[in-house]
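Undergrad: Sequence:
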Amino acid sequence: MTAPILQVKNLGMSFGGIRALDELDLEVNSGEIVALIGPNGAGKTTFFNCVTGIYQPTQGDVMLNPPSRSSIRLNNLKPNQVAEKGMARTFQNIRLFQNMTVLENVMIGRHCRTKSFILGAILRNKATREEEYQTIEKSYHILQKMGLEKQANDLASNLSYGAQRRLEIGRALATEPFLLLLDEPAAGMNPQETAELIELINKLQQEGQSILLIEHDMKLVMELSHRIYVMDYGRRIAVGTPEQIRNNPVVIKAYLGEAADA
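The working numbering puts the first residue of the sequence shown at 85, with every later residue one more than the last.
Honestly, I wouldn't trust all of these hints.
[What the hints assert, rightly or not] Calculated lysine-lysine pairs in the BS3-like style (CA-CA distance at most 25 Å, straight line):
#  : residue 1 : residue 2
1  : Lys229    : Lys210
2  : Lys287    : Lys303
3  : Lys162    : Lys93
4  : Lys222    : Lys169
5  : Lys303    : Lys337
6  : Lys93     : Lys169
7  : Lys287    : Lys229
8  : Lys287    : Lys234
9  : Lys229    : Lys303
10 : Lys169    : Lys287
11 : Lys229    : Lys169
12 : Lys222    : Lys234
13 : Lys222    : Lys303
Hints are computed from structural coordinates only; laboratory data are not their basis. None of these values were measured; they are calculated from a predicted model.
Model the full structure from these sequences, guided by the hints.
TA: Written out as structure tokens, the structure is:
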């Protein structure tokens with residue numbers, strides 16, 4: 085049996101006397117869309133920060149199992165090293181280079197997959213020129229996938245809000261991840277933009293991309309997810325299919341703050 089591509093076991097994170105994550109377990113299988121949901125303050129973004137190297141967890145293990153490669157323990161790796169291993173993420177707040185072009189933003193994401201260094205950039209040798217051409221070509225292909233190829237030479241700041249969200253996903257994809265983490269990708273979107281996002285995420289999954297997402301838009305979560313993990317106060321309180329989660333009284337209580345049978 086193939087191991088999950090992401091295995092998080094007994095994950096804990098403390099900030100002084102505050103327990104932000106408490107013995108959390110989570111798995112993502114290859115080609116799967118998994119959602120992580122919970123009330124505000126449940127610890128979802130802290131979880132993302134722990135598995136991507138922004139925070140170092142105080143307990144537990146974060147293991148990546150890349151296709152056809154040995155397992156990798158991510159604990160103590162820096163964010164750029166995590167990206168190099170094959171896991172990329174977006175953020176709640178858009179973090180684009182607003183004064184660079186749309187194409188340049190995606191090209192920056194290719195940095196961890198390029199081999200040219202300062203000397204190559206200075207000498208402009210054949211290998212460096214070929215790598216630059218490949219970077220531009222691959223970045224433009226990603227923009228086509230994001231529906232942004234016509235804005236390739238526009239400044240990122242001139243894009244609509246929904247397009248900026250898609251650009252950030254495109255920049256993450258430029259790192260060639262086998263697991264993509266999306267932190268509230270639909271936040272602030274209007275219904276049309278959300279529908280376009282759902283279509284995009286479905287397309288990525290159909291192409292074989294594994295995805296773990298945090299999201300408050302329950303319509304999006306229920307429509308996209310194969311499995312859903314629910315957090316509250318730093319702990320996992322439920323896991324299951326969308327139908328199982330929709331009818332789980334513990335989940336209903338956590339979200340509504342009242343007895344499930346009230």
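Undergrad: Take the C-alpha atoms of Lys169 and Lys287, compute the straight-line distance between them, and say whether it is at most 25 Å.
TA: Judged against 25 Å, a Cα distance of about 23 Å means the pair holds.
Undergrad: Is Lys222 close enough to Lys169, meaning Cα to Cα at most 25 Å?
TA: 19 Å, holds
Undergrad: Hinted pair, alpha-carbon criterion (25 Å max): Lys287, Lys234. Please report holds or violated.
TA: Holds. Lys287 to Lys234 sits at ~20 Å (cutoff 25 Å).
Undergrad: Straight-line Cα separation of Lys303 and Lys337 no greater than 25 Å?
TA: Roughly 19 Å separates the two Cα atoms, so the pair holds.
Undergrad: Are Lys162 and Lys93 close enough, with their CA atoms no more than 25 Å apart?
TA: The hint holds at about 19 Å.
Undergrad: Is the Cα-Cα distance between Lys229 and Lys210 25 Å or less?
TA: 29 Å, violated
Undergrad: Check the hint pairing Lys222 with Lys234 against an upper bound of 25 Å on the C-alpha distance.
TA: OK: Lys222 and Lys234 at ~15 Å, within 25 Å.
Undergrad: Taking 25 Å as the top limit, are the C-alpha atoms of Lys229 and Lys169 close enough?
TA: 23 Å, holds
Undergrad: Taking only the CA atoms, is the gap from Lys93 to Lys169 under or equal to 25 Å?
TA: Given pair Lys93, Lys169 holds - Cα atoms ~19 Å apart, limit 25 Å.
Undergrad: Does Lys303 sit within 25 Å of Lys229, going by the straight-line distance between their CA atoms?
TA: Within the cut-off at roughly 23 Å; holds.
Undergrad: Please verify whether Lys222 and Lys303 have alpha carbons no more than 25 Å apart.
TA: Violated - the C-alpha atoms of Lys303 and Lys222 are around 33 Å apart, more than 25 Å.
Undergrad: Given the hint that Lys287 pairs with Lys229, does the C-alpha gap stay at or below 25 Å?
TA: Measuring from Cα to Cα gives roughly 9 Å; hence the hint holds.
Checked against the numbered hints above, the structure breaks hints 1 and 13 and satisfies the rest.
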